[in-house]
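Asks: Sequence:
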Amino acid sequence: MALLLFIAALVDMPQHLVDVGGVSSMGMLTVAQLALAVGGLIAVGAYPKPLVHRMIPYGLFMGWVGLSVFWAPPQTAGVQNGVVYALFGVALLLSGTLAASEPRRMYEVIRRGVGWIDRITLTTIVVGLVTLGLPMADETRWFVGARSVAILALLPLSWHLAHWSQVPRAGVKAWLWLSAILLSLSRTALAAGLLCVLLATLARLRFSPRAFAVRVPVVLVTLAVVGALFTYVTPLRNRLTTGDVGFEVGGVDINVSGRARMWAVVTESATTSPVIGQGLGSSQRAVVDELDDIDHPHNDYLRLWHDLGAIGLLLFVGSLTMWLGMLCARWTSAERRADPLAPMKLAATLSLLGLLIVAITDNAIIYPFVMGPLGVMVGAGLGAPVTGAAVPGASTFLRPT
Numbered sequence: 001m002a003l004l005l006f007i008a009a010l011v012d013m014p015q016h017l018v019d020v021g022g023v024s025s026m027g028m029l030t031v032a033q034l035a036l037a038v039g040g041l042i043a044v045g046a047y048p049k050p051l052v053h054r055m056i057p058y059g060l061f062m063g064w065v066g067l068s069v070f071w072a073p074p075q076t077a078g079v080q081n082g083v084v085y086a087l088f089g090v091a092l093l094l095s096g097t098l099a100a101s102e103p104r105r106m107y108e109v110i111r112r113g114v115g116w117i118d119r120i121t122l123t124t125i126v127v128g129l130v131t132l133g134l135p136m137a138d139e140t141r142w143f144v145g146a147r148s149v150a151i152l153a154l155l156p157l158s159w160h161l162a163h164w165s166q167v168p169r170a171g172v173k174a175w176l177w178l179s180a181i182l183l184s185l186s187r188t189a190l191a192a193g194l195l196c197v198l199l200a201t202l203a204r205l206r207f208s209p210r211a212f213a214v215r216v217p218v219v220l221v222t223l224a225v226v227g228a229l230f231t232y233v234t235p236l237r238n239r240l241t242t243g244d245v246g247f248e249v250g251g252v253d254i255n256v257s258g259r260a261r262m263w264a265v266v267t268e269s270a271t272t273s274p275v276i277g278q279g280l281g282s283s284q285r286a287v288v289d290e291l292d293d294i295d296h297p298h299n300d301y302l303r304l305w306h307d308l309g310a311i312g313l314l315l316f317v318g319s320l321t322m323w324l325g326m327l328c329a330r331w332t333s334a335e336r337r338a339d340p341l342a343p344m345k346l347a348a349t350l351s352l353l354g355l356l357i358v359a360i361t362d363n364a365i366i367y368p369f370v371m372g373p374l375g376v377m378v379g380a381g382l383g384a385p386v387t388g389a390a391v392p393g394a395s396t397f398l399r400p401t
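Under this note's numbering, residues 1 to 401 are what the sequence shown spells out, in order.
A few of these clues could be false.
To be verified - Quick list of the computed label-pair ranges, beta carbon to beta carbon:
1) V172 <-> R112: 16 to 24 Å
2) A35 <-> F143: 38 to 46 Å
3) K49 <-> L220: 12 to 20 Å
4) V225 <-> L205: 36 to 44 Å
5) H53 <-> I120: 31 to 39 Å
6) L132 <-> V225: 19 to 27 Å
7) L41 <-> T231: 31 to 39 Å
8) L132 <-> L223: 25 to 33 Å
Hints were generated in silico from the structure; no laboratory data involved. Yeah, the Cβ is synthetic: ideal placement off N, Cα and C, and Gly gets one too.
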């Protein structure tokens, strides 16, 4: 578990280190992570029945992924996508199993892992900003992909927001990650991040009106600053409102960065096999065949529909939305019982919500550095017991992050 979080801190840096037979170093690293996670599952041996029941829809999804290879054998990219789907599920089951028996230890693993991401990834961003500036073009990187950083950032952002009321220093780290998302120029990730901030603030209104009153001015100032930056900083404003204008919201043109073309291509191709799909990675081939300079659909829901049909799409989305509802209910129950594990459940809720949002315009579900740690966080949230009395001493358990 700790290794998945540490590797996530590298984001996509390992992507082009080695390429063997069309398999990137990131692909090989993902296979190694999956093998280690499977080894952990085998070593554990027994799994909590409630957690296994919660995993059934995703298990059916993985079964469908396996069946799809019989009518549409995948190429290398498709196999790598399937490995990431498996890594997410295995990490979730292993994390949930460990959290069910040793919740405090699992909490510490995630806390330390998020700390590694804070130190390594934020340092990489600072160095990238100093040496390369803002990622104004696709070829400009912070030694890692700016959009990749923005999607990964939703995980530590959610963790720190969940701890803000108990650990004031976590609030500072949350704003650092929100700033990183803003500077990445990823609009969907920024929208998801701001929504997480608002929801975390509203959560305090329900359970701690005093903490809510303290947070509101900070949130309002943050929204005002973000609005001012998009209004008066030309690169940020142009990123949002000029170029490939695909939508209009409230009289404001929205730049979709060519996604409308990709989505049209994938949608048209998907209709040729809308129920069972055309196999793992087929959406990427469809985009490349029509648009030589683009190799991903930049919409994970269209990806799932094209690759695995309506059946695969419904199983995947159904699993994640079901877990989102469960996590929200478990967090609410934990807060009512003054469970010191409540922030871990809130962090999992916000992280999963963030993924469901960025999947609309990005390729998050095939990023192992996102799905691996997300599986760890969601699994811990689903597996950890909801009982305040079982883990006493919140002030000593919730150490600074």
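Asks: Look at each hint and say if it fits the structure.
Replies: Structure-based check of each hint:
1. V172 <-> R112: 16 to 24 Å: 19 Å, holds
2. A35 <-> F143: 38 to 46 Å: 27 Å, violated
3. K49 <-> L220: 12 to 20 Å: 46 Å, violated
4. V225 <-> L205: 36 to 44 Å: 22 Å, violated
5. H53 <-> I120: 31 to 39 Å: 37 Å, holds
6. L132 <-> V225: 19 to 27 Å: 23 Å, holds
7. L41 <-> T231: 31 to 39 Å: Violated, at about 50 Å.
8. L132 <-> L223: 25 to 33 Å: 28 Å, holds
Of the hints listed earlier, those the structure fails to meet are numbers 2, 3, 4 and 7, in rising order.
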